[in-house]
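Student: The primary structure of each chain is shown beneath.
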Amino acid sequence: MMQAPDIGKVILEHTADSRVIELPFGLGEWHLPHGWMIGGTDFAPTKHVVFMALAAFLVFITIWYGGRQVTRRHASGKGPRGFGAAVEAMVLFVRNDVAIANIGHGGEKFAPLILTFFFFILYCNLLGLLPWGATPTGNLGVTAGLALTAFVVIEISGFRALGPKGYLKTIVMIPPGMKGPGAVAMAFIMTPVELIGKIVKPFALCLRLFANMTAGHFVILALVGLIFVFANWVIAAGTVLFVLFMMCLELLVAFLQAYIFALLTSVFIGLMQHEH
Amino acid sequence: MHNLLMLLQAQESVLVARNTYALLGAGIGLGLAIIGAGIGIGRIGGQAVEAIARQPEASADIRGAMILTAALIEGATLAALVFALLFKILT
Numbered sequence: 001m002m003q004a005p006d007i008g009k010v011i012l013e014h015t016a017d018s019r020v021i022e023l024p025f026g027l028g029e030w031h032l033p034h035g036w037m038i039g040g041t042d043f044a045p046t047k048h049v050v051f052m053a054l055a056a057f058l059v060f061i062t063i064w065y066g067g068r069q070v071t072r073r074h075a076s077g078k079g080p081r082g083f084g085a086a087v088e089a090m091v092l093f094v095r096n097d098v099a100i101a102n103i104g105h106g107g108e109k110f111a112p113l114i115l116t117f118f119f120f121i122l123y124c125n126l127l128g129l130l131p132w133g134a135t136p137t138g139n140l141g142v143t144a145g146l147a148l149t150a151f152v153v154i155e156i157s158g159f160r161a162l163g164p165k166g167y168l169k170t171i172v173m174i175p176p177g178m179k180g181p182g183a184v185a186m187a188f189i190m191t192p193v194e195l196i197g198k199i200v201k202p203f204a205l206c207l208r209l210f211a212n213m214t215a216g217h218f219v220i221l222a223l224v225g226l227i228f229v230f231a232n233w234v235i236a237a238g239t240v241l242f243v244l245f246m247m248c249l250e251l252l253v254a255f256l257q258a259y260i261f262a263l264l265t266s267v268f269i270g271l272m273q274h275e276h
Numbered sequence: 001m002h003n004l005l006m007l008l009q010a011q012e013s014v015l016v017a018r019n020t021y022a023l024l025g026a027g028i029g030l031g032l033a034i035i036g037a038g039i040g041i042g043r044i045g046g047q048a049v050e051a052i053a054r055q056p057e058a059s060a061d062i063r064g065a066m067i068l069t070a071a072l073i074e075g076a077t078l079a080a081l082v083f084a085l086l087f088k089i090l091t
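As given, the protein sequences belong to chains A and B, one line each in that order. The working numbering numbers the first residue of the first sequence as 1 and each following residue consecutively. The working numbering numbers the first residue of the second sequence as 1 and each following residue consecutively.
These aren't lab readings, by the way, just hints derived from the structure by calculation. Check the hints yourself; a few may be wrong.
[Stated by the list, open to error] Below 27 Å or equal to it, Euclidean Cα-Cα: the simulated DSSO-like pairs (lysine-lysine) are: (1) A:K47 to A:K109; (2) A:K201 to B:K88; (3) A:K9 to A:K47; (4) A:K165 to A:K179; (5) A:K179 to A:K169; (6) B:K88 to A:K109; (7) A:K9 to A:K109; (8) A:K9 to B:K88; (9) A:K201 to A:K165.
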């Protein structure tokens, strides 16, 4: 009877970052460089960084090629079809129903950012579902960077839209219609709550994206590991069917989480724009 | 509990017992979190289906709102998952 492999170790190896990329079809391994030190931190690219660069490149190719198809068919007076139509449908959906609908009348300025968030996160999530792929958004650092970007945009755009006094009013929040000592008491209570809220909302964005991506992969890898633990054909057949279902669910979750991130960012930006 | 502790102290140090209790706590906490998510998303699903039954023309809107709210509740549950993972990784 074979020694059952350490499934926990395999799962953590597959989902965590590493300095070795396994090339597909048995071409070997690509050992990434290390030691690019800048001020005590190693900035050399790791597996997730390489996959992020790949996702960014794919986003560029998709939008550029789709956009070119749409423009060319537009120039000859016809509607788009094929790949360009799909890209246009998704871009218009995110722009109109997510960005502009939630931000309000200043929405077009933020549409490129929301679109970038959506497509980049979508491609990062989908790359993890391919064989020999890795999920960059399954890395707490990547999602923290995205959430930090969202946080900076939300606060600075709110500051610019409301002015310093209006921005301060969103922190020292006095519910409308209260005056005198009641207002002061409410301000004392609400200020820490508002401050914590400002930090917690992007933190929740980061954690939600990270946990959704990692949890799906954990489940799939654990189920496949069951096959190795039991070494039984019947269990393998049942497990493969269940893993197939989980992969479909993962596909849905990839799209959904990209949409949720873009939606919540635009909702937060909209809330700051329209405080008054 | 008593048997578990005695069994472990018969073999190794108390550090292992602490590890076991930590994992036990993480497991119970995770189960409770999943119960919360199940109740919440179940309620959303039920009320969304009821709403569609009352007004079938609004079914696209309701479906969108349902999926969005389910994803938000899922986010809270997965926050619990991440903290349970921390229990495993940090000890």
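Student: Each hint: holds or not?
Tutor: How the hints compare with the structure:
no.	hint	verdict
1	A:K47 to A:K109	33 Å, violated
2	A:K201 to B:K88	26 Å, holds
3	A:K9 to A:K47	18 Å, holds
4	A:K165 to A:K179	18 Å, holds
5	A:K179 to A:K169	15 Å, holds
6	B:K88 to A:K109	44 Å, violated
7	A:K9 to A:K109	46 Å, violated
8	A:K9 to B:K88	12 Å, holds
9	A:K201 to A:K165	22 Å, holds
Checked against the numbered hints given earlier, this structure breaks hints 1, 6 and 7; the rest are met.
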